[in-house]
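A.B. asks: Construct the complete structure from the given sequences, taking the supplied hints into account.
Protein chains in written order, with the numbering used here: chain A, 1 to 256; chain B, 1 to 214.
Calculated from the structure, these hints are not laboratory results.
There's no promise every hint is true.
[Claimed, not checked] Chain A stretches covered by chain B per the calculated footprint, using a threshold of three residues with CB under 8 Å from any CB of chain B:
#	stretch
1	45-53
2	69-79
3	133-141
4	154-166
5	220-229
Yeah, the Cβ is synthetic: ideal placement off N, Cα and C, and Gly gets one too.
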Amino acid sequence: MAGVNKRGYASLCAALLVACLGALSARALAEDEAVLQSTVAQPYIDMRTQPGRGYPVFHVAERGDKLDLLFQRTDWIKVRTAKGIEGWVHVNDIGRTLDARGDPLAFKSPDFDSYTSRTWEFGFMVGDYDSTDTLVAYLGWHFTPNLSLELAASENYGDFSDGKMATASIVHQMFPQWRYSPFLTIGGGVRQTNPRSTLVATEDRTDNTANVGAGLRVYLTKRLLLRLQYKYYVVMTDRDDDEEVNEWTVGLSAFF
Amino acid sequence: MDSRLKRVLLATALCGLAAVSARGDDEPESWQVIDPEVKPREIEPVAMDTEDFEVGPFLGILAIQDFDADFLYGLRAAWHFSEDFFFEASYGASQGDLTSYEKLSGGAPLFEDSERDYTFYGINFGWNALPGEAFILDSRALKSDFFLIVGAGNTDFLDDNFFTVTVGAGYRLLINDWITWRLDVRDHIFDRDAFGENDTTNNFELSTGVTFFF
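C.D. replies: Take a look at the structure:
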């Protein structure tokens, strides 16, 4: 522990404190809220010991039973029966139970329909930028079924220089209802290049970039999709020639 | 007189009939006035408290290749988007001690202290490969997960940045609905050319921590 740098330690402690306080206050808030109630409409529903499809069913709630819906984790909702028995019910089962007005609750597990009507998408990709390893994180906002606005941050690690990029792009998918859905993208951003200190003694530089690209989204399951992408970048340097770079990436994304 | 009275009565009766029949004529129209369109009932989204995020600190040991095994600390945050899979971001810091060469040769150290700071961050994709239950005493059953992760990130070490691939496995035990204890083993793999030639290094992490779901 002798040489762990102090600044890093302080910032980590602060981040930790904020995160834990956030978690605790979220919980405190959750406990104050009124609990949602529903009535079982189907002949019976299974209650499991833990949130997972493999866990044993230890109790069944019958038609007409009233359930308190405590909270949801992934596809499972923790419920409490009038007799105080607590267990986990799948969200699709809860979706067929009735609320106070007698309407189905209409909860459901995320599926292909939720994928085609998604608003937000984020993901992480790895790949090759100009023959160097690259790492990309992005967030996309779908403002029509076909168009989305994406912000991406990436880093690449070369033998001679490392680079960081921030990019904003418009992404157009022609067939949003397809499971294998191709897209085209165009955008611009900035790139910071840091020559490796051990090798070359040149200064960091920041350049503007423009890019076009194409790719494919593949819906996998639940909230998960696979994304393959090619982008062609022009880095507008101060030198005589602009850099032209090919980037190939593959990654996993989730939507919500 | 008689006929005048009859005429008045007849006129009154006619008026009454006319009124009645007029009302009768109106009736179908008044039925048609009702707008047959029924507005579809809007389903209000019900607010459900979802607890899919997990965050918490960890402590452990990082064995840096060619250097010593040293104290490690950090922070992890995860989003569980299904019962099987999660995304996880992690940040950690440690420090490389003297290399074996430096210890044996007894000469001047090869690196300055500030260069020995080792920090990493990365994004991992996790799979709860073996979900299970752990039984404590006779009446308590706790949820547990054995999970595998793979990810990529950045390592800052020896004043340089390295593209790092992380693979690992871990065990998460839910003490109650929202507090967990976990144990992680990970290998941080990156190519390093600090000693002249490019070597692939394996840096093993053994860590434990507490996380909170919210």
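A.B. asks: Compare the structure with each hint and give your call.
C.D. replies: Tested hints:
1. Counting residues of the stretch 45-53 of chain A whose CB lies closer than 8 Å to any CB of chain B gives 5, which reaches the minimum of 3, so the coverage claim holds.
2. Counting residues of the stretch 69-79 of chain A whose beta-carbon sits less than 8 Å from any beta-carbon of chain B gives 10, enough to reach three: the coverage restraint holds.
3. With a threshold of 8 Å between beta carbons, the proposed coverage of the stretch 133-141 of chain A by chain B holds, since 4 of its residues qualify and at least three are required.
4. For a cut-off of 8 Å, the count of residues in the stretch 154-166 of chain A with a CB near a CB of chain B stands at 5, and the three-residue condition holds.
5. Requiring three or more residues with a Cβ within less than 8 Å of a Cβ of chain B, the coverage given for the stretch 220-229 of chain A holds, as 4 such residues are present.
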